[in-house]
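Trainee: In order, the protein sequences belong to chains B and G.
At position 140 of the first sequence (counting the first as 1) the number is 140 in UniProt numbering, and the numbers step up by one without a gap.
At position 150 of the second sequence (counting the first as 1) the number is 150 in UniProt numbering, and the numbers step up by one without a gap.
Some hints could be false.
Derived pair list, reagent style DSBU-like, types lysine-lysine, alpha-carbon separation capped at 35 Å [stated by the list, open to error]:
#, chain 1, residue 1, chain 2, residue 2
1, B, LYS71, G, LYS102
2, G, LYS132, B, LYS66
3, B, LYS140, G, LYS142
4, G, LYS151, B, LYS71
5, B, LYS21, G, LYS102
6, B, LYS138, G, LYS175
7, B, LYS70, G, LYS175
8, B, LYS140, G, LYS102
9, G, LYS139, B, LYS21
10, G, LYS102, B, LYS70
11, B, LYS138, G, LYS151
12, B, LYS107, B, LYS21
13, B, LYS21, B, LYS66
14, G, LYS151, B, LYS66
15, G, LYS151, B, LYS106
16, B, LYS71, G, LYS132
17, B, LYS70, G, LYS139
18, G, LYS175, B, LYS71
19, G, LYS152, B, LYS66
20, B, LYS138, G, LYS102
It is worth saying that the hints were derived from the structure and are not from the lab.
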Amino acid sequence: PGGGASLRLCSTRVAQEDINKPVIDRIIRVDHAGEFGANRIYAGQMAVLGRSSVGPIIQQMWNQEKDHLKKFNELMVAYRVRPTVLLPFWNVAGFVLGAGSALLGKKGAMACTVAVEESISEHYNNQIRTLIEEDPEKYKELLQVF
Amino acid sequence: VRCQQYPPLRALQASAALRRASDEHKKEPLTSSSQQHFDSPPAGHQPEQEPQGPRPSYTGQGGQESEDYESEEQLQHRILTAALEFVPEHGWTAEAIAEGAKTLGLSVAAAGMFHSDGSELILHFVSECNTKLSELLKKEQKLVQLGEAEKKPIDEFLRDAVEARLRMLIPYIEKWPQALSVLLLPRNIPSSLNLLTSMIDDIWHYAGDQSTDFNWYTRRAVLTGIYNTTELVMMQDSSPGFEDTWRFLENRVADAMTMSNTASQVQSTGEAVVQGLMGAAVTVSN
C-alpha cells in the first residue's frame, strides 16, 4: 500500500486553509462510517440470501455501495480526516443487521435496504444544506460527490 | 528599500505598536530611540521593525489586520521565540522570558503576560519544532516527487523523521526533563496531547499512510509509543552524538515492522484456516 502512495498524495491533497475543517471532518467521517456500514449490511444479506433468486440483485446493489465506499476512502485521504473509532463495531453491527433482516426473508431484506437508503438520503440532504449555507463555491467539489 | 518610501507612516505605526506592547512600562528613551531608527535609513532589520512586513503568523491573523499592525498573539510569539535562546541558562522559566523580552527592547515585566511555570514557552517551542518538522518532510516529499530523491522505505522514513524531530531538542536537552513534566500538568495536557497527535499524524501522512480503517489508529498509537520511549531514552543518554538513542529508535521501528508483518501473517493464516473449515463444513453437509 505504501508503494505508489506518494504520487497519489500530491494529486489528491486538498488545500486545507480555507475550508471549515471541523465540519468537513465530521461530514466525511460520518458518511464514511455510513458507507462502510452499508457495505457490511449487504455482506450480511448476501451471506444468507446469496444463493437465492434475489441474490444477483443484492450483489448489484452491494457493488454500488462498494463504489461509494471507495469514493469516501479517497475523500478521507484527500482531506486528511480520521476514520471513526467505532469501525470495528459498525463492522459487526452492519453484518448482523444484514444477516438478521435477510433471515426474515426477501421482503425483510428489501425493507431493511429501503429504510437504510431513505435515512441515508435524508442525512446527505442535510449535509448538502449545511455546506451550501456556508459557501457553495468553496465546497463545490465535495457537493458534486453528493 | 521598500521602507524608505513610507518612513513617516511606518514610524507612526511602529511606535504605536511599541507603545501598545510596553503599555504601562513606557520609558521615554524607548520611544525616542525608535524614532532615531527611522531617521537613518535602516540597513538591516531592527527587532522593532519586524512587525512591518507581512507576517506569516501561525494563527492566521496577518490577513485580517493591516501589515504593520502587530497583534498581541504575534507579540507573544516573538517574545517566546526570543526567550528560547536563554532557556539553556535559565530553564523554562519566567527569567528566560524576561531575558527574551529584553532583547526585543521591551520591559522585563512583559514576562508577566505568561504563566510562571513556563508552560507557554514550552508549548510554543514544541509547536515551532513540529512546524519545522512538517516543512522538512514537505520539502523531502517535493524532492521525491521531482524525482531528485529516492523514496525511502517506511522504516527508514519513520526513523529519520523521529530522529530529525528529536534532534531539535539537543540544544535544550539539559532542561528538557523539566519541560516534559510541565507538559504533563493537567492544565497543559489538552494542548500537549494535541501537538503530539498532530505531529504523529503529520509523520504518517508524509510516510504515505492512506489507511481508512482501524489501522489508522494502530499505526499512530505505535508511532506515538516509539516517539515517547525514544524521547525518554534520549534524556538519559550520554553516548557521543546520542548514538545509543538512535540505535534504540532503529530497534523499536524494526520491532514495529515485524509486529505488523506478523499481524498480517496471522490474519492471512486465520483466513486460510476459516476457509479450510468452511470447505470442510460444506463437504460434511454433502
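Trainee: All hints, please: hold or fail.
Mentor: Going down the list of hints, with the structure as the test:
Restraint check for B:LYS71 and G:LYS102: not satisfied, since their Cα atoms lie roughly 55 Å apart, outside the 35 Å limit. With a C-alpha separation of about 39 Å, the suggested pairing of G:LYS132 with B:LYS66 is violated against the 35 Å cut-off. For the given pair, B:LYS140 sits about 28 Å from G:LYS142 by alpha-carbon distance, which is consistent with the 35 Å threshold. Distance restraint check for G:LYS151 and B:LYS71: the Cα-Cα separation of roughly 27 Å lies within the 35 Å cut-off, and the hinted pair is therefore satisfied.
Among the hinted pairs, B:LYS21 with G:LYS102 is inconsistent with the structure: their alpha-carbon atoms are about 39 Å apart, more than 35 Å. Straight-line distance between C-alpha atoms of B:LYS138 and G:LYS175 comes to about 46 Å, which puts the hinted pair past the 35 Å bound. Note on B:LYS70 and G:LYS175: the hinted pairing is violated, with a Cα-Cα distance of about 48 Å set against a maximum of 35 Å. Between B:LYS140 and G:LYS102, the direct Cα distance comes to roughly 50 Å. Violation of the 35 Å bound is thereby established for this hinted pair.
Pair hint G:LYS139 plus B:LYS21 holds up; C-alpha atoms about 24 Å apart against a cutoff of 35 Å. Restraint check for G:LYS102 and B:LYS70: the C-alpha separation of about 57 Å exceeds 35 Å, so the hint is violated. Taking the CA atoms of B:LYS138 and G:LYS151, the gap is about 33 Å. The hint holds against a cut of 35 Å. A C-alpha spacing of about 41 Å is found between B:LYS107 and B:LYS21, which places the hinted pair above 35 Å, so the restraint is violated.
Distance restraint check for B:LYS21 and B:LYS66: the Cα-Cα separation of roughly 26 Å lies within the 35 Å cut-off, and the hinted pair is therefore satisfied. Between G:LYS151 and B:LYS66 the alpha-carbon distance is near 31 Å, which keeps this suggested pair within the 35 Å criterion. For the given pair, G:LYS151 sits about 52 Å from B:LYS106 by alpha-carbon distance, which is inconsistent with the 35 Å threshold. Restraint check: the Cα-Cα separation between B:LYS71 and G:LYS132 comes to about 33 Å, which is no more than 35 Å; the hinted pair holds.
Among the hinted pairs, B:LYS70 with G:LYS139 is consistent with the structure: their alpha-carbon atoms are about 30 Å apart, no more than 35 Å. This hinted pair does not check out: G:LYS175 and B:LYS71 have alpha carbons roughly 48 Å apart, beyond 35 Å. The hinted pair formed by G:LYS152 and B:LYS66 meets the criterion: a straight-line CA distance of about 32 Å does not exceed 35 Å. Of the pairs offered as hints, the one joining B:LYS138 and G:LYS102 is violated, with about 45 Å between alpha carbons and a cut-off of 35 Å exceeded.
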